[in-house]
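J.: We have chain L; now place chain Y onto it with these hints.
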Amino acid sequence: MSRKLALVTLVEGADPDRVFELETAVALGKHLPGTVGGGHYTWDGIDDPVPSGFEDVAHFDLVELELIDGSLGDSGFTGEIKRTLLLQVQTDAHSDSVAAFEQDLMAMPDHIPAIVNWALSRVVGPAGARWTHCWEQEYYTLDGLKVDYMMSPHHWGLIDGWFDPEMPQQIVDLELAHVYHATDRSVLAAALG
Amino acid sequence: MVGKIHILDELTVEPGNLAAVRQLMSEGYVEGAVERGMTLEQTWLTPPVELYDQPNTLVYLWSVPDAATWWAMRGAAGRDPSVGEFWAEMDALCVERQRRFLLDDPPIEEGR
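First to last, the protein sequences are chains L and Y.
Per my numbering, the first sequence runs over residues 13 to 205.
Per my numbering, the second sequence runs over residues -12 to 99.
Extracted from the complex, chain Y is given alone in its bound form:
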């Protein structure tokens, strides 16, 4: 069994859209994510100043305590059409977006 799972959202934002992305994330996602079991651990901006002629990247680091909670979160998002709609709206403001899942101490696989 694995322990805490981190979820890393990297949003590469079109110049001029930074405030809109932050507002959309704050008002349209965070509360629901918390209800689905996610904890917002940290946010970052890189480069660490808003650029006007090239994209910035906003980074959101979330966590869930274990894989069972991850699946509960995932199931709840899958049953709620507004979650997919939120990301479609967000993607319209971004150049690129990635979500990665991270483990601090992944189990060693037996493999074949």
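Bound conformation, chain L alone:
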């Protein structure tokens, strides 16, 4: 079973009234400062490949996700941060390295208790999608992401080697979508439930 999400980027000079219509028409998570490479909103649970009627307002970077694994530390999570990382493993990466990378990512919650709920998925569509993996987490606070997660030695001292162009084991492309937004519900509870 798969699900979809989209990163939504407003077109330059988008009519504010049309943006307001978009924001009220669908459940968009507005990205917070510090987001990198992923536009203005995350749309979790998008059903249609291209939302009709909003082509003049925004670009929709849609991905279809197939779960590798995940865990709910709190199925009744009511906020406040959902984080999404979309990444591309290089096409020439060895399958053993990809498997080790996935295992390392999925070990992060064992070392970083601030990760409440998490899911790691492969991007299985649409054809031509530039991303290969989606790594999602939910946190009770923004500090859970910005301090506990980012500053953990497990993160910078081990995981980041897969991403770092200075490291021989790098297999992840430098272009990432690292986005996060406030939320009052758990996207992952629905996805993993």
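I should point out that these hints are in silico values taken from the structure, not numbers from a laboratory.
Computed from a predicted structure; not experimentally measured.
Note that the Cβ used here is the ideal one computed from N, Cα and C, for glycine as well.
With the Cβ distance kept under 7 Å, some of the chain L side facing chain Y (calculated, not the full set): (1) His123; (2) Met163; (3) Pro165; (4) Trp168; (5) Gly169; (6) Pro177; (7) Met179; (8) Pro180.
One side of the interface only, derived from the structure: several residues of chain L facing chain Y at Cβ under 8 Å: (9) Asp172; (10) Asp176; (11) Glu178.
T.: Below, chain Y without anything else, positioned relative to chain L:
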């Protein structure tokens, strides 16, 4: 929060390439690394004499003062394509290369 982080580069060098590796590191990396916040603490050669029929290992020990500086260093390297190009050139001179990160007093994890 963690304190000083050490960065240990171990370059296993093809016989005959030792001088070229040292020169490349000196001229192609050190200045930029310092600009990105790294301090070169120490260099070593092991075995401590140049070999002509088997590899030597050059060891470079760097440091940054804390994790925030580590991320600033990492971000700057990621934004500069010449850094990746430097390591590709270096890897062509080496048999193997490793970079490790070290903490003197790592925090105790709560874990699960």
